[in-house]
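Residue 208 in this note's numbering is what sits at position 208 of the sequence shown, and the numbering runs on without skipping anything.
No lab work stands behind these hints, which were simulated from the structure alone. Any given hint could turn out to be false.
If you anchor each label on the Cβ, the simulated ranges turn out as follows [said to hold, decoys possible]:
1) S131 x V178: 14 to 24 Å
2) A108 x A181: 32 to 42 Å
3) T85 x R150: 27 to 37 Å
4) A47 x D144: 19 to 29 Å
5) D73 x D96: 31 to 41 Å
Cβ atoms here follow ideal geometry from the backbone N, Cα and C, with glycine treated the same way.
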Amino acid sequence: MNPVPRYKVRRARPSAGAPVSGTVVVVRASSATGETDYVVSGDLVAADGAALEVESDGQRWLVSWHPPPMPPDGTPHGAEGICVTTGGQIVLVSSDGTHWGFPAGRPARDETWEQTLRREILEEACATVVSARLIGFTRGACVDGHEAGRILVRSVWRAQVDLGPWRPQLEITHRRVVDAADVATEIGLATHPFAPFIRRSLREATSA
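Model the full assembly from the supplied sequences, consistent with the hints where possible.
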């Protein structure tokens, strides 16, 4: 069996004379024959099982996407929901009004994946899940940093929701509802370290 390719994602300025501008993504593919850097456009989407090396908060993680229904090995680390309103818009939340993302959180006690999803969406977005569809899992293995050796698995869902009155709890202080076409801009996808996984989540959530 051929080993799963391992990719390293880093940000770099384009070289002088390059036919691109701004920040680009450099993907390093490692295999038995060596390593090769590929400069790609900012639309990389995580592939099944392919590990992307991501730097986040001073730590390095090997992160991969896994399709449902079975989770990969690792410690359950909660759920994240792409929340869709009855009007087809996407719900985003923030703790500071500047950095936006999807409702997500860790499990409490003996919750199932879906129970965590429903509770977190209610707490963070003040929304009730009408229906939920599991669209995948992310698996993160920390290879460098204070959490080195930890392997965390999070479930990712498409959740149809009904919005309730905005009564923020805990650390989440802002809620915004945006058109699907505006999600990338609102969450700063162009420079987000987990962009390939967010793109995969959005693709799966909007597929039939």
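Quick one: which hint numbers does this structure break? Sort them smallest to largest. No numbers; nothing is violated.
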